[in-house]
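Colleague: Sequence:
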Amino acid sequence: MTDHLRRPSSVALAALLVCASAHADYHSADGNFSLSGFGTLGITRSSTDDAIFNYPGQGGGATKRASPDPDSKLAVQGTYKFSPTVSATAQVMTKYDAEGQYIPSMEWAFAKWQAMPGLSLRAGRMGAPFFMISDFRDVNYTSTAVRPNLEVYGQVPVSQFEGVDASYELNLGNTTLTSSVWTGNTKANYATALTGPTDEIILKQAVGVNVLADLGNGFTLRVGRSHGKLTVNSESARLVSDGANSVVEGSQAYAALAPGAAGATSGATSAAISASIPGALANADGAAQVSDLLNPKGVDSSFTGIGLGYDQDNWVASLEYTKRKTKSFIADTTGWYGLVGYRVGKFTPYVGYAKLTTDRTSSSPVQTNSLANSGNVDPDFDELTRQVNQGVADLSAGVSMFMASQFVNQKTSTLGVRWDVHSGLALKAQFDRITKDANSVGTFLIPDPTTASGQAFTASKKVVNVISLSVDFVF
Numbered sequence: 007m008t009d010h011l012r013r014p015s016s017v018a019l020a021a022l023l024v025c026a027s028a029h030a031d032y033h034s035a036d037g038n039f040s041l042s043g044f045g046t047l048g049i050t051r052s053s054t055d056d057a058i059f060n061y062p063g064q065g066g067g068a069t070k071r072a073s074p075d076p077d078s079k080l081a082v083q084g085t086y087k088f089s090p091t092v093s094a095t096a097q098v099m100t101k102y103d104a105e106g107q108y109i110p111s112m113e114w115a116f117a118k119w120q121a122m123p124g125l126s127l128r129a130g131r132m133g134a135p136f137f138m139i140s141d142f143r144d145v146n147y148t149s150t151a152v153r154p155n156l157e158v159y160g161q162v163p164v165s166q167f168e169g170v171d172a173s174y175e176l177n178l179g180n181t182t183l184t185s186s187v188w189t190g191n192t193k194a195n196y197a198t199a200l201t202g203p204t205d206e207i208i209l210k211q212a213v214g215v216n217v218l219a220d221l222g223n224g225f226t227l228r229v230g231r232s233h234g235k236l237t238v239n240s241e242s243a244r245l246v247s248d249g250a251n252s253v254v255e256g257s258q259a260y261a262a263l264a265p266g267a268a269g270a271t272s273g274a275t276s277a278a279i280s281a282s283i284p285g286a287l288a289n290a291d292g293a294a295q296v297s298d299l300l301n302p303k304g305v306d307s308s309f310t311g312i313g314l315g316y317d318q319d320n321w322v323a324s325l326e327y328t329k330r331k332t333k334s335f336i337a338d339t340t341g342w343y344g345l346v347g348y349r350v351g352k353f354t355p356y357v358g359y360a361k362l363t364t365d366r367t368s369s370s371p372v373q374t375n376s377l378a379n380s381g382n383v384d385p386d387f388d389e390l391t392r393q394v395n396q397g398v399a400d401l402s403a404g405v406s407m408f409m410a411s412q413f414v415n416q417k418t419s420t421l422g423v424r425w426d427v428h429s430g431l432a433l434k435a436q437f438d439r440i441t442k443d444a445n446s447v448g449t450f451l452i453p454d455p456t457t458a459s460g461q462a463f464t465a466s467k468k469v470v471n472v473i474s475l476s477v478d479f480v481f
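The opening residue of the sequence shown carries number 7 in my numbering; numbering runs sequentially from there.
Careful: at least some of the hints might be erroneous.
With a cut-off of at most 25 Å between alpha-carbon atoms, the simulated DSS-like pairs for lysine-lysine come out as follows [said to hold, decoys possible]:
| hint | residue 1 | residue 2 |
| --- | --- | --- |
| 1 | Lys118 | Lys210 |
| 2 | Lys193 | Lys329 |
| 3 | Lys417 | Lys331 |
| 4 | Lys361 | Lys467 |
Ranges of calculated distance between the beta carbons of each label pair, as one might list FRET restraints [unchecked claim]:
| hint | residue 1 | residue 2 | range |
| --- | --- | --- | --- |
| 5 | Ala262 | Ser406 | 47 to 55 Å |
| 6 | Ala435 | Ser376 | 54 to 62 Å |
| 7 | Gly273 | Ala465 | 38 to 46 Å |
| 8 | Ser89 | Asp454 | 50 to 58 Å |
| 9 | Lys333 | Ala277 | 36 to 44 Å |
| 10 | Asp454 | Thr148 | 34 to 42 Å |
Note that these hints are calculated values from the structure, not bench results. Every residue gets a Cβ at the ideal spot worked out from N, C-alpha and C, and that includes glycine.
All chains should be built: construct the whole structure from the sequences, respecting the hints.
Modeller: Okay, structure coming up:
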């Protein structure tokens, strides 16, 4: 890719700084139209070149070479009121994407009807409400830390959906309850390596329920649950599946030709060929399951989360606990984090801890039975045998690599400080110490999982230090 696509230009960076100096959003004279925006100018550096630190799904990020890519973004949002109860909102954002580019895209585009004082209905493209801060997960200015926690927010790589939602607000004494239901479809591209095309994640027939309780005295509680039909389109998975189909065809051909080859030989060779027939059929059966495993189409998936926030006087804290489940090769995971900060004037030092655990991974269905040849009695049969044995070995390695990519255990200790320079502008500095387990990829992007360095990084327990600086602003 060209450098001007991969990196923000100097003009873009200057625009970010100009936006950062703005103090308020724009309102038309009649009050019907408003225009606002937000952005982040970030720089991040890690302690390794063997893996890339980024927001999961991005097509690049930070290594020992500092990079603006994980966090830098710019967005503009406009709202027009057609009447006191009907409005439309659109948001355009540019941030580093799965293709490794900064390309503006329509993040939000929805209409809203305030049907009753406590009831609102929306339709269109909206923020995907999987997390506690889903509606403003990209507005880093509103968060204490540099970025949303990766162990939690990295589990679901989609940020918006197209559909409808309804929210109802109810006051119960000192508690304000906001209940919402939503349904729709969503998709996102996801980079699994720097080599090859990106994967496409599709979630259809998604349905979710969220309850947010403002408990008073600074406490906020949120509980959410969603279900959907998951499809993953992956070019690398398709290539492995093509190899599996070849193994099925070759193994079945071996089983069909083996009796003749056994009859043309004698003794131990004949017996070995005959004994290989059940193994060939088992190889074919196992390979036949690979395509369904690696190319899930409309499988059940769910996401559950509970979050607690506190913001009063000098203290600010947040905690989220989440679980992801799918009936596919994509692992079931549990992610949680806790963060607490204390305001001292315009400065807020904070500490945090997070953990991501793999609860379930799929096992490989590939059978690796070695098939016997005729010992040069039947050269064509022997060539088929060689091809099938090699195909089985390659298939086993390919599927095992997919399974290994789903083991993501890691934990992160965080130390940082936020400086509120003035209203609408904050500077942050953050240090993360990430420890990933042996045989885990964590939330890192491996440039090429097939290389020795990529496999060594995955196989070993690693500690990676990450330093981040950011300028967050709203206008």
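Colleague: Against the structure, test the hints numbered earlier, and report the numbers of the ones violated in rising order.
Modeller: 5
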